[in-house]
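Generate the whole structure from the sequences, applying the supplied hints.
Going down the list, the protein sequences come from chains A and B. Remember, this note's numbering sits 23 above the position in the first sequence when you count from 1. Remember, this note's numbering sits 114 above the position in the second sequence when you count from 1.
If you're looking for bench data, these hints aren't it; they were derived computationally from the structure. For clarity, every value in this text was computed on a predicted model and none was experimentally measured. The beta-carbon is built from N, C-alpha and C at its ideal position, and this holds for glycine as well. Be aware that one or more of the hints could be misleading.
Coverage of chain A stretches by chain B, computed from C-beta distances (three or more under 8 Å per stretch; other residues unrestricted) [to be verified]:
| no. | stretch |
| --- | --- |
| 1 | 160 to 167 |
| 2 | 268 to 276 |
Below, a list of computed lysine-lysine pairs in the DSBU-like style, where the Cα atoms sit at most 30 Å apart [unchecked claim]:
| no. | chain 1 | residue 1 | chain 2 | residue 2 |
| --- | --- | --- | --- | --- |
| 3 | B | K365 | B | K402 |
| 4 | A | K82 | B | K486 |
| 5 | A | K153 | B | K365 |
| 6 | B | K395 | B | K365 |
| 7 | B | K200 | B | K509 |
| 8 | A | K153 | B | K353 |
| 9 | B | K200 | A | K153 |
| 10 | B | K353 | B | K332 |
| 11 | B | K393 | A | K153 |
| 12 | B | K257 | B | K332 |
| 13 | B | K460 | B | K255 |
| 14 | A | K153 | B | K395 |
| 15 | B | K257 | B | K417 |
| 16 | A | K82 | B | K417 |
| 17 | B | K365 | B | K393 |
| 18 | B | K486 | B | K324 |
| 19 | B | K509 | B | K324 |
| 20 | B | K200 | B | K365 |
| 21 | B | K509 | A | K153 |
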Amino acid sequence: MPSAPTQPPAPRMREKAALAFLLVPPLAWLIIAYLGSLAVLMVSAFWTTNSFTGAVVHKFTTANLVRVLTDDVFRAVTIRTVGVAAAVTILCAVLAVPLALFMAKFASPALRIVLVVAVTTPLWASYLVKAYAWRMLLSPEGPLSWATGYTPGYGLVATVLTLTYLWLPYMVIPVFAAFQRVPDALVDASSDLGASDLNTLRLIVAPMIFPGIAAGSIFTFSLSLGDYIAVTIVGGKTQMLGNVIYGQLVTANNQPMAAALSLIPLLAIVLYLLAMRRAGALENV
Amino acid sequence: MTTTVRRLGLALAAATLLLAGCSGSGDSGETSDGPPQMEAATEVGEGEGELNLVAWAGYAEDGSNDPAIDWVTPFEQETGCQVNVKLGNTSDEMVQLMRTGQYDGVSASGDATLRLIYAGDVAPVNTDLTPNYATVVDFLKDKPWNSVDGQMYGVPHGWGANLLMYNVDAVTPAPDSWGAVFPGAPEFQGKITAYDSPIYIADAALYLSKTQPDLGIKDPYSLTAEQLDAAAELLKQQKENIGEYWSDYTKEVQAFESGSTVIGTSWQVIANTIEADAKVKIATVLPKEGSTGWSDTWMLSSKAAHPNCMYKWMDYIVSPTANAQVAEYFGEAPSQTKSCALTADKQHCATYHADDAEYAAQIHYWTTPQTKCVDGSGDNCTSYDEWVNKWQEIKG
Chain A
24 MPSAPTQPPA PRMREKAALA FLLVPPLAWL IIAYLGSLAV LMVSAFWTTN
74 SFTGAVVHKF TTANLVRVLT DDVFRAVTIR TVGVAAAVTI LCAVLAVPLA
124 LFMAKFASPA LRIVLVVAVT TPLWASYLVK AYAWRMLLSP EGPLSWATGY
174 TPGYGLVATV LTLTYLWLPY MVIPVFAAFQ RVPDALVDAS SDLGASDLNT
224 LRLIVAPMIF PGIAAGSIFT FSLSLGDYIA VTIVGGKTQM LGNVIYGQLV
274 TANNQPMAAA LSLIPLLAIV LYLLAMRRAG ALENV
Chain B
115 MTTTVRRLGL ALAAATLLLA GCSGSGDSGE TSDGPPQMEA ATEVGEGEGE
165 LNLVAWAGYA EDGSNDPAID WVTPFEQETG CQVNVKLGNT SDEMVQLMRT
215 GQYDGVSASG DATLRLIYAG DVAPVNTDLT PNYATVVDFL KDKPWNSVDG
265 QMYGVPHGWG ANLLMYNVDA VTPAPDSWGA VFPGAPEFQG KITAYDSPIY
315 IADAALYLSK TQPDLGIKDP YSLTAEQLDA AAELLKQQKE NIGEYWSDYT
365 KEVQAFESGS TVIGTSWQVI ANTIEADAKV KIATVLPKEG STGWSDTWML
415 SSKAAHPNCM YKWMDYIVSP TANAQVAEYF GEAPSQTKSC ALTADKQHCA
465 TYHADDAEYA AQIHYWTTPQ TKCVDGSGDN CTSYDEWVNK WQEIKG
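Laid out in structure tokens, this is it:
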């Protein structure tokens with residue numbers, strides 16, 4: 024039998040052109056707008072400024088990075104910011120899991136649609152409107168204090184509450200999707216084999232929805248880490264990393280210092296993503 | 115296929131680096147002795163139909179906050195220049211906005227003017243082209259904060275003092291000293307506010323200059339390292355009792371109206387807004403220690419897209435009628451001497467000491483702290499970037 028021709032068919036010109044047409048816009052966006060601006064950011068962290076006019080002076084120095092790593096104020100603010108981001112993430116997960124479980128497995132199809140709409144509705148309103156609504160809600164003579172006689176006032180607690188409210192939909196949706204992918208048959212099989220409900224949840228369901236929680240937590244963690252507006256509205260006198268960066272950029276007009284400080288959240292996110300990958304959460308998301 | 119993609123990526127990355135390199139080599143930023151050389155205009159042509167301003171809240175009112183308060187609309191009708199206003203909350207924000215080059219002019223305070231002049235963000239102004247400048251009060255002309263070597267960089271807008279504002283029901287007896295927000299702060303634990311800008315350090319320094327003479331503070335903007343530390347220490351004690359800081363003026367209005375704040379530093383225009391809403395009773399006082407304050411200048415951007423409209427605006431805003439309106443609404447002394455006859459409250463100029471050069475000299479106008487002391491006492495003072503770092507340290 025004669026062997027088939029070994030040469031693979033050469034890709035035609037038209038296919039190549041179509042591929043380039045499809046790939047160039049997203050790649051250009053990713054590389055120029057995203058990685059390019061990150062590169063500029065990293066480079067400018069090594070410059071300095073004229074202390075009077077605030078104009079950037081292109082002279083290489085590591086002074087900014089050294090200060091970012093050694094300054095007590097920056098360390099305290101970093102710890103506070105990461106703490107807030109972690110607290111928001113945990114609160115979102117605690118609220119989202121039972122809600123998503125109910126939505127995916129117990130609600131009737133009609134109710135499920137209503138709940139999905141309800142969870143996502145807040146995304147239609149402006150960020151500022153929601154943050155100011157919380158400012159009103161938590162004010163000393165506001166509705167919360169009127170109804171319960173207690174309000175945490177403006178501060179870190181208020182900031183965590185507001186951010187949890189703002190980012191909750193980003194946690195609920197991926198967790199809901201993860202629950203939907205758990206086949207009912209698996210749960211039935213587990214209980215047929217004698218596992219209690221709790222054991223089924225712990226041993227069968229939990230590992231399957233963990234990637235969903237991880238995906239949601241990447242949103243809630245990174246969004247909280249970078250937030251600096253909610254804290255100025257409900258945070259009282261506290262400041263977060265974003266405020267310090269904003270202060271260096273706008274108030275001090277010290278762009279290199281702001282760039283050096285921006286490396287902290289960047290590094291925190293990279294570490295978080297690596298940790299998530301190690302935990303196996305980024306597979307099959 | 116993968117190699118194609120990879121090559122594509124490499125090419126794009128190289129292009130990006132090229133771009134980054136090019137954008138980086140623009141300005142040198144080296145210290146120079148004087149502001150960049152620029153020629154002032156010699157004539158004002160037809161308006162360009164539009165004018166983009168950076169202004170303090172209350173400086174360019176078009177009736178949208180209060181239909182009765184409107185001096186922008188007459189200007190638009192007169193000149194055909196459609197005015198767009200971007201509010202600046204702090205001087206630093208204004209400097210930042212002006213550096214974008216998207217605005218034609220700015221109402222800059224003394225802690226922004228020199229930074230703008232020396233960085234080349236604003237252009238010299240030919241005051242012969244703004245006829246109303248002739249009758250502006252003399253003690254605002256050719257001042258260190260609005261001119262360099264006798265060349266004006268704008269027209270003086272007006273001046274005034276930062277005030278102590280308090281809730282009449284919550285704060286008794288009525289305070290007459292900044293001490294109420296410094297050593298007296300624990301009495302109003304959690305209900306005190308302060309201005310969220312490093313320039314507020316000068317308020318603490320001013321208080322210390324009167325209460326602790328042995329620190330030797332003469333001018334609140336000329337602080338040695340020890341004096342800056344002492345002021346920062348006072349502000350850290352104050353922070354224990356601060357409810358929240360304000361820089362956005364609507365936030366202070368809301369904080370006073372909801373009762374979450376009862377005392378703190380303020381501007382007259384904020385007091386006017388709260389009084390107009392009439393939800394709480396407040397009062398303002400110029401404390402006995404004197405006060406920090408502002409003396410503002412309308413400046414022309416060096417990159418203005420609508421310079422003719424800006425010249426028309428600079429002439430208009432110091433015209434007797436408009437300057438009287440803005441001064442009365444904002445609660446400050448007008449720069450135009452002829453405005454005093456036109457204010458609704460005939461006592462306005464007397465209340466704000468508008469033609470009193472000696473009184474004006476006693477207010478400590480916002481100015482940018484520099485290593486070379488701004489009061490000329492030496493060159494061992496702390497510069498503004500040290501103030502910014504101190505301020506971040508105070509806020510913690």
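Tested hints:
Only residues whose beta carbon comes within less than 8 Å of a beta carbon in chain B count, and the stretch 160 to 167 of chain A has 4; three or more means the coverage holds. For the stretch 268 to 276 of chain A, the stated coverage by chain B is satisfied: 7 residues place a CB nearer than 8 Å to a CB of that chain, which reaches the threshold of 3. Taking the CA atoms of B/K365 and B/K402, the gap is near 27 Å; set against the 30 Å cutoff, the hint holds. Restraint check for A/K82 and B/K486: the C-alpha separation of about 23 Å stays at or below 30 Å, so the hint holds.
Between A/K153 and B/K365 the CA atoms are separated by roughly 15 Å; this keeps the pair inside 30 Å, and the hint holds. Restraint check for B/K395 and B/K365: the C-alpha separation of about 17 Å stays at or below 30 Å, so the hint holds. With a CA separation close to 27 Å, the supplied pair B/K200 and B/K509 stays within the 30 Å bound. With a C-alpha separation of about 27 Å, the suggested pairing of A/K153 with B/K353 holds against the 30 Å cut-off.
Proximity of B/K200 to A/K153 is assessed by CA-CA distance (about 23 Å); at most 30 Å being required, the pair is judged to hold. For the given pair, B/K353 sits about 25 Å from B/K332 by alpha-carbon distance, which is consistent with the 30 Å threshold. For the proposed pair B/K393 and A/K153, the alpha carbon gap of about 24 Å is at most 30 Å, so the pair holds. Restraint check for B/K257 and B/K332: the C-alpha separation of about 20 Å stays at or below 30 Å, so the hint holds.
This hinted pair checks out: B/K460 and B/K255 have alpha carbons roughly 25 Å apart, not beyond 30 Å. At roughly 29 Å between alpha-carbon atoms, A/K153 and B/K395 fall within 30 Å of each other, so this suggested pair holds. With a C-alpha separation of about 24 Å, the suggested pairing of B/K257 with B/K417 holds against the 30 Å cut-off. A threshold of 30 Å between alpha carbons decides the hint, and for A/K82 with B/K417 the separation of about 27 Å falls inside it, so the pair holds.
Annotation: proposed proximity of B/K365 to B/K393 holds, straight-line Cα distance about 15 Å (limit 30 Å). In summary, the hint linking B/K486 to B/K324 is supported, as the alpha carbons are separated by about 23 Å, within the 30 Å threshold. For a cut-off of 30 Å, the pair hint linking B/K509 to B/K324 stands: about 24 Å separates their Cα positions. Annotation: proposed proximity of B/K200 to B/K365 holds, straight-line Cα distance about 17 Å (limit 30 Å).
Between B/K509 and A/K153 the alpha-carbon distance is near 26 Å, which keeps this suggested pair within the 30 Å criterion.
The earlier numbered hints are all upheld by this structure, with none contradicted.
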